[in-house]
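Using the sequences and the hints given, assemble the complete structure.
6 protein chains.
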Amino acid sequence: MPLLDLLLEAGNLKRLPRTGWLLRGVPNPESIADHSYRVALITLFLADELKVKGVDVNVERALKMALLHDLAEARITDIPLTAQYYIDKGKAEKKAAMELFIKTPKPEEYFRLWREYEEELSLEGRLVKFADKLEMLIQACEYERAGFSNLDEFWGALDSLRESEFYEHFRELVDGLAERRKGR
Amino acid sequence: MPLLDLLLEAGNLKRLPRTGWLLRGVPNPESIADHSYRVALITLFLADELKVKGVDVNVERALKMALLHDLAEARITDIPLTAQYYIDKGKAEKKAAMELFIKTPKPEEYFRLWREYEEELSLEGRLVKFADKLEMLIQACEYERAGFSNLDEFWGALDSLRESEFYEHFRELVDGLAERRKGR
Amino acid sequence: MPLLDLLLEAGNLKRLPRTGWLLRGVPNPESIADHSYRVALITLFLADELKVKGVDVNVERALKMALLHDLAEARITDIPLTAQYYIDKGKAEKKAAMELFIKTPKPEEYFRLWREYEEELSLEGRLVKFADKLEMLIQACEYERAGFSNLDEFWGALDSLRESEFYEHFRELVDGLAERRKGR
Amino acid sequence: MPLLDLLLEAGNLKRLPRTGWLLRGVPNPESIADHSYRVALITLFLADELKVKGVDVNVERALKMALLHDLAEARITDIPLTAQYYIDKGKAEKKAAMELFIKTPKPEEYFRLWREYEEELSLEGRLVKFADKLEMLIQACEYERAGFSNLDEFWGALDSLRESEFYEHFRELVDGLAERRKGR
Amino acid sequence: MPLLDLLLEAGNLKRLPRTGWLLRGVPNPESIADHSYRVALITLFLADELKVKGVDVNVERALKMALLHDLAEARITDIPLTAQYYIDKGKAEKKAAMELFIKTPKPEEYFRLWREYEEELSLEGRLVKFADKLEMLIQACEYERAGFSNLDEFWGALDSLRESEFYEHFRELVDGLAERRKGR
Amino acid sequence: MPLLDLLLEAGNLKRLPRTGWLLRGVPNPESIADHSYRVALITLFLADELKVKGVDVNVERALKMALLHDLAEARITDIPLTAQYYIDKGKAEKKAAMELFIKTPKPEEYFRLWREYEEELSLEGRLVKFADKLEMLIQACEYERAGFSNLDEFWGALDSLRESEFYEHFRELVDGLAERRKGR
Chain Y
1 MPLLDLLLEA
11 GNLKRLPRTG
21 WLLRGVPNPE
31 SIADHSYRVA
41 LITLFLADEL
51 KVKGVDVNVE
61 RALKMALLHD
71 LAEARITDIP
81 LTAQYYIDKG
91 KAEKKAAMEL
101 FIKTPKPEEY
111 FRLWREYEEE
121 LSLEGRLVKF
131 ADKLEMLIQA
141 CEYERAGFSN
151 LDEFWGALDS
161 LRESEFYEHF
171 RELVDGLAER
181 RKGR
Chain R
1 MPLLDLLLEA
11 GNLKRLPRTG
21 WLLRGVPNPE
31 SIADHSYRVA
41 LITLFLADEL
51 KVKGVDVNVE
61 RALKMALLHD
71 LAEARITDIP
81 LTAQYYIDKG
91 KAEKKAAMEL
101 FIKTPKPEEY
111 FRLWREYEEE
121 LSLEGRLVKF
131 ADKLEMLIQA
141 CEYERAGFSN
151 LDEFWGALDS
161 LRESEFYEHF
171 RELVDGLAER
181 RKGR
Chain B
1 MPLLDLLLEA
11 GNLKRLPRTG
21 WLLRGVPNPE
31 SIADHSYRVA
41 LITLFLADEL
51 KVKGVDVNVE
61 RALKMALLHD
71 LAEARITDIP
81 LTAQYYIDKG
91 KAEKKAAMEL
101 FIKTPKPEEY
111 FRLWREYEEE
121 LSLEGRLVKF
131 ADKLEMLIQA
141 CEYERAGFSN
151 LDEFWGALDS
161 LRESEFYEHF
171 RELVDGLAER
181 RKGR
Chain F
1 MPLLDLLLEA
11 GNLKRLPRTG
21 WLLRGVPNPE
31 SIADHSYRVA
41 LITLFLADEL
51 KVKGVDVNVE
61 RALKMALLHD
71 LAEARITDIP
81 LTAQYYIDKG
91 KAEKKAAMEL
101 FIKTPKPEEY
111 FRLWREYEEE
121 LSLEGRLVKF
131 ADKLEMLIQA
141 CEYERAGFSN
151 LDEFWGALDS
161 LRESEFYEHF
171 RELVDGLAER
181 RKGR
Chain D
1 MPLLDLLLEA
11 GNLKRLPRTG
21 WLLRGVPNPE
31 SIADHSYRVA
41 LITLFLADEL
51 KVKGVDVNVE
61 RALKMALLHD
71 LAEARITDIP
81 LTAQYYIDKG
91 KAEKKAAMEL
101 FIKTPKPEEY
111 FRLWREYEEE
121 LSLEGRLVKF
131 ADKLEMLIQA
141 CEYERAGFSN
151 LDEFWGALDS
161 LRESEFYEHF
171 RELVDGLAER
181 RKGR
Chain Z
1 MPLLDLLLEA
11 GNLKRLPRTG
21 WLLRGVPNPE
31 SIADHSYRVA
41 LITLFLADEL
51 KVKGVDVNVE
61 RALKMALLHD
71 LAEARITDIP
81 LTAQYYIDKG
91 KAEKKAAMEL
101 FIKTPKPEEY
111 FRLWREYEEE
121 LSLEGRLVKF
131 ADKLEMLIQA
141 CEYERAGFSN
151 LDEFWGALDS
161 LRESEFYEHF
171 RELVDGLAER
181 RKGR
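Sequence order for the protein chains is Y, R, B, F, D and Z.
First residue of the first sequence? That's 1 in UniProt numbering, and the numbers climb one at a time after it.
First residue of the second sequence? That's 1 in UniProt numbering, and the numbers climb one at a time after it.
First residue of the third sequence? That's 1 in UniProt numbering, and the numbers climb one at a time after it.
First residue of the fourth sequence? That's 1 in UniProt numbering, and the numbers climb one at a time after it.
First residue of the fifth sequence? That's 1 in UniProt numbering, and the numbers climb one at a time after it.
First residue of the sixth sequence? That's 1 in UniProt numbering, and the numbers climb one at a time after it.
Mixed in with the good hints there might be a few duds.
As the list claims (entries may be wrong) - Quick look at which bits of chain Y chain R covers, simulated, 3 or more residues with Cβ under 8 angstroms:
(1) 6-18
(2) 34-42
(3) 58-66
(4) 101-107
(5) 151-160
(6) 163-176
What the hints contain is simulated information worked out from the structure, not anything from laboratory work.
Cβ atoms here follow ideal geometry from the backbone N, Cα and C, with glycine treated the same way.
In structure tokens, the structure reads:
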């Protein structure tokens with residue numbers, strides 16, 4: 001049963017730590033699934049907010065991307081930046097994603113969505129990228145509030161949020177997060 | 001910034017363990033967010049499979065329910081069965097869900113979806129309930145494969161999957177899971 | 001064997017984390033049993049100190065209260081403050097405590113002691129409440145010394161210790177703890 | 001403030017694992033404080049049961065012993081059997097216990113109680129020894145139910161429970177535990 | 001200070017889990033450093049045993065290989081088998097190893113040793129490979145004794161131990177391990 | 001098979017935490033094996049650096065000492081300073097080391113090396129002591145960078161590094177580490 005195999009494999013995302021935090025000394029950090037869950041939640045809220053503001057966004061497509069964007073890490077694991085200099089992570093994930101999606105009811109559609117996200121080819125793809133970075137910064141903020149340090153590097157992503165086309169819509173959210181960090 | 005507050009609160013779902021496993025002696029079990037992620041993933045695959053089979057299901061609404069269905073546990077925590085005899089969990093979650101959704105762009109819609117799931121008022125609501133139970137059993141299967149025992153109780157949910165209107169569509173999946181358990 | 005069942009259930013207190021710390025980002029925080037142990041130890045020392053100072057306190061009754069005061073959490077879990085707005089924790093614990101004590105040799109006595117503590121009806125009950133808060137602050141102090149932050153909220157309990165009838169007797173202890181915190 | 005120092009030191013009992021389980025591969029096993037809490041709880045129930053049965057036992061003294069019996073491990077740690085062949089643990093604990101008790105309101109009394117337990121000089125001392133072993137077996141039973149194995153060695157303690165003067169009073173409890181193990 | 005940087009980077013080996021166990025559900029499994037330590041220890045004992053038996057082996061070179069063989073994982077992490085289908089791990093490790101060794105007093109020698117191990121070019125290189133596999137099986141044996149299952153796959157390495165040139169010398173060790181497994 | 005027994009016992013070093021960190025509140029700190037691995041790695045680099053500088057040092061002997069120096073803790077555990085006031089750790093380790101080495105191919109040689117390290121009888125013995133302390137400080141530095149505090153005590157070892165005969169050779173390394181700490 002290919003779908004069952006896939007769902008069991010997806011369980012790896014619960015067991016695998018996000019290595020960025022692990023390497024900086026956070027004990028038992030969040031899992032990849034933990035991260036993906038909040039990315040999807042953020043995507044939902046931002047997409048619906050955009051609709052309220054009159055932007056034409058396809059919520060269903062955005063949510064699908066959010067749920068599928070890290071699925072290939074069930075095989076590839078969360079390869080950290082230190083390794084990406086030696087490994088073509090994008091290429092590996094692309095191949096793994098394709099092979100995983102074959103076990104689902106809509107392989108072509110899912111792969112098309114995955115590429116849209118990966119290469120930021122559509123509004124929804126770019127929105128999920130925005131949500132992905134925002135999620136990471138919210139987590140960084142939480143770890144810092146809890147007392148962990150050595151996480152400055154992550155905050156470089158703040159600039160890319162501010163340069164995004166979505167910043168005008170979510171300025172309050174992004175700046176609010178930056179404020180909270182200072183207020184530590 | 002109410003939405004930022006909500007997203008930070010949602011971080012609790014990463015920190016809070018699923019108490020069912022914890023009480024049966026699984027050390028560092030999955031988080032609530034871990035569970036919710038795979039529920040959403042299963043919902044996506046099952047909904048798309050139903051569409052392929054010609055069933056008229058609204059994938060977007062189903063995904064929203066899956067992502068929102070346990071959000072209130074960010075405040076309530078994963079109250080185990082042993083406690084539910086003394087606590088009206090449904091009532092508590094309902095109130096907490098309402099107060100959380102107020103911080104989002106679409107409080108009424110989200111609350112309506114939440115109720116649809118909770119009370120199984122729509123096809124999508126019942127599908128997410130099915131996905132929620134299926135996810136739990138897949139996790140039970142994984143813990144048992146890893147060597148943990150004392151999880152028989154959970155497998156009672158298999159009956160309710162088999163009595164569901166979706167069983168005819170996902171018989172292979174449900175029976176495949178039951179097979180795997182035996183094959184341990 | 002009801003008493004054996006109860007003792008096995010009490011094992012939950014070792015497995016269940018104190019959620020106050022967990023929600024603020026302390027990884028693998030103390031268990032409920034960890035906390036209860038030191039509450040009982042503090043109760044012992046404070047009660048004996050009071051006796052030395054000529055206060056008439058029943059040490060046996062105080063120790064029994066300390067050991068029993070959180071037993072119901074074996075069923076209810078450590079419901080955090082965020083949830084208590086939606087849940088009548090006191091009522092739930094009362095019912096669970098009664099049903100647990102039925103499995104012991106002295107149900108009525110234990111339940112009377114439990115109520116004395118919960119409602120601060122006797123000197124001993126109030127002393128154990130004092131020990132309960134003091135224990136929490138000592139733990140907060142330890143977590144802060146170890147580098148965790150975000151625990152300010154807990155220190156509100158310092159005021160209630162200072163307003164207590166026992167403050168005159170344990171001024172040095174309470175103020176010493178507050179000093180240590182500053183000295184961080 | 002010597003008493004505050006002592007209470008902070010007692011915090012070590014929450015952080016230190018029980019090494020018997022750790023060495024047999026239980027990940028994140030119970031702490032010394034976890035164990036001590038249930039020993040005290042068992043002592044309470046057994047002592048009160050004995051009183052109901054007409055045995056003259058001093059509950060207060062028994063509870064004090066239970067709470068103090070492992071306190072010296074805050075300095076000594078839970079030295080496992082493999083080490084006790086090379087280390088005179090009894091002697092080390094005795095010295096450490098004395099030095100810790102000096103910081104309390106009743107050093108002499110506490111040390112006398114500690115010795116009564118250690119050398120089983122009184123009914124209460126022997127009862128707490130009985131509770132100490134029983135607690136360990138209940139924990140072993142729980143770990144085995146959860147799926148851990150390699151714990152046979154611990155069950156040797158069952159014989160010493162059955163040879164104890166308290167066996168006649170708690171036969172049902174001891175045999176019930178042995179039954180449960182078989183029923184695994 | 002390049003050497004200091006390298007030593008700090010080597011700290012990653014303590015923080016990074018061995019993913020083979022993690023993916024099969026062992027919670028908090030051994031670190032890469034844990035594994036490397038026992039590989040070095042085994043190498044020491046086997047090399048000295050070979051010398052006792054009259055085999056001409058260079059212990060110093062073997063120990064250096066054992067200590068350096070997984071150092072590149074400080075950057076690459078322990079990429080599991082599921083990922084190696086998509087990633088050329090060998091190539092990545094080779095490049096990372098070179099760049100790490102540049103920070104040491106003897107880059108060329110260390111790289112030559114690393115290659116000797118990786119490509120099994122010398123007796124010492126093959127011995128460390130043998131020790132690497134043996135270590136993994138001893139760990140598998142320990143996890144199984146502790147109650148974990150789902151580790152059958154790893155035992156395939158037993159065959160390669162038995163086909164090795166060293167099997168004649170360490171037959172008792174290899175067969176003894178296989179025996180112990182059966183005796184579970 | 002005595003050697004297999006020894007290798008299985010050495011597995012304890014992976015399971016046992018370094019108690020110095022544990023007692024100061026670092027959750028899930030490094031294992032003894034984690035520490036020993038980096039001590040051996042440091043020994044390798046320092047010994048080779050000394051050779052480059054024309055100092056006559058036997059690398060093989062140094063590496064053997066590094067790998068064997070904490071092996072006895074597989075039985076004794078990492079007895080913390082608080083306990084060493086009550087326990088003659090050196091004597092216990094000596095006896096345990098002897099009994100463990102009997103299971104190896106070269107008991108006399110290993111015990112001689114162990115004593116050379118323990119009593120700093122040779123250049124290599126003193127070098128491994130230097131590496132042992134340096135490793136601890138690098139770890140302290142990493143925990144502090146990650147946000148943990150309360151580790152000042154450990155830095156006393158900096159003085160002993162500076163008074164060592166090796167300081168002139170590794171001044172840059174030692175001072176670089178001290179700099180980094182300040183730069184926190």
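Hint by hint, here is what the structure shows:
1. Beta-carbon proximity to chain R at under 8 angstroms applies to 7 residues in the region 6-18 of chain Y; the threshold of 3 is reached and the given coverage holds.
2. Under the rule that three or more residues need a Cβ within less than 8 angstroms of chain R, the assignment of the region 34-42 of chain Y holds, with 7 such residues.
3. By the rule of at least three residues with a Cβ nearer than 8 angstroms to a Cβ of chain R, the coverage given for the region 58-66 of chain Y holds, with 4 such residues.
4. As drawn, the region 101-107 of chain Y meets chain R at 3 residues by the rule of a beta-carbon pair under 8 angstroms; at three or more, the given contact holds.
5. Remark: the region 151-160 of chain Y is not confirmed as covered by chain R, as 0 of its residues place a Cβ nearer than 8 angstroms to a Cβ of that chain, below the required three.
6. As drawn, the region 163-176 of chain Y meets chain R at 3 residues by the rule of a beta-carbon pair under 8 angstroms; at three or more, the given contact holds.
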